[in-house]
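> Residues per chain are reported as follows:
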Amino acid sequence: MTDPSAPAKGTGSHADFSALALTAIDDVYRFARSLTRDEADAEDVVQETYLRAFKSWTTFQTGSDVRRWLFTIARNVFLRSRERGKREITLDDEGAEIVDAVQAKDVWVRQGLDPILDRADLGPAILAALDEIPDSYRTAVVLVDIEDQSYEDAAEVLGVPVGTVRSRLFRGRKLLQERLLAYAQDAGFLTSAGPARSDE
Amino acid sequence: MMNTPNSDRNNGPDCNGAMLQLFELLDGELTPEVERRVRSHITSCPDCFTHADFEKRFLAALHAARGDGVAPKQCREKVMSALRTAGFTG
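The listed protein sequences derive, respectively, from chains A and B.
Per the working numbering, residue 373 is the first one in the first sequence, and the count goes up by one each step.
Per the working numbering, residue 1372 is the first one in the second sequence, and the count goes up by one each step.
I should point out that these hints are in silico values taken from the structure, not numbers from a laboratory.
Hints are supplied without guarantee of correctness; some may be wrong.
[To be verified] Listed below are the simulated DSSO-like cross-link pairs for lysine-lysine, each with C-alpha atoms no more than 30 Å apart in a straight line: (1) K427/A to K1449/B; (2) K427/A to K1444/B; (3) K1444/B to K546/A.
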């Protein structure tokens, strides 16, 4: 007998797969890219993710978040391909010290660097900086800050408690700010008189 | 440095408390009541307001970077090819 309170399964139709799942390919690619830090490897993860998603499309619950479902598959594909599941899952940063956020902000503001954040051409620098921070922080930042997942959804995708997502986000964002600061200095966004103006 | 004594008279957070919850505020992860208290502190504290504005602009820049990370054409082609081999007809 069917449980009326159970979430509805998807129709399994190819048209629905095309409309719901395939339209999220950019999101899945970005997440895969953040996992692998390599474009070719990311493409492999995306391909395998969509194959698995297609094969289990009939189990997708109508009304649930298809992107969260795809992100979860992508992460599993990645972990299996690298045989890194054990290491990732046991990674524990719950006790990690909290970085002094105020001090980090002060460097930017005191040096008059914060207008750099408004530059239209900062995107590639941000993506490059993302590649430089530890995996666990990068995946949390990508899921929440770029893919708009809630803390709870990100925790589900990553298989960690919400508190771990919170602390990884905090540290990841601070590390990103440090990398961006170095990038701004190296890329000549700074002049002796302060931040260089964007040509936008 | 932050001014620490700015704790609000209505049991709101002080500067350190507000800054610890700043990201959750910007991420929409606080309960309405806690959000109200943290916002109240930030709008009345110049130091915290500057900090919050900085973090808000940082997160906006980070989110905007998604436009620079689209799946390459060959990635889409590989996916479609693999799916068709698996029976996808959509």
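> It remains to establish, for every hint, whether it holds in the given structure.
Checked hints:
1. The suggested pairing of K427/A with K1449/B holds, with an alpha-carbon distance near 16 Å, which does not exceed 30 Å.
2. Among the hinted pairs, K427/A with K1444/B is consistent with the structure: their alpha-carbon atoms are about 23 Å apart, no more than 30 Å.
3. At most 30 Å may separate the alpha-carbon atoms for a hinted pair to count; K1444/B and K546/A exceed this at roughly 33 Å.
When the structure is compared with the earlier hints, a violation turns up for hint 3 alone.
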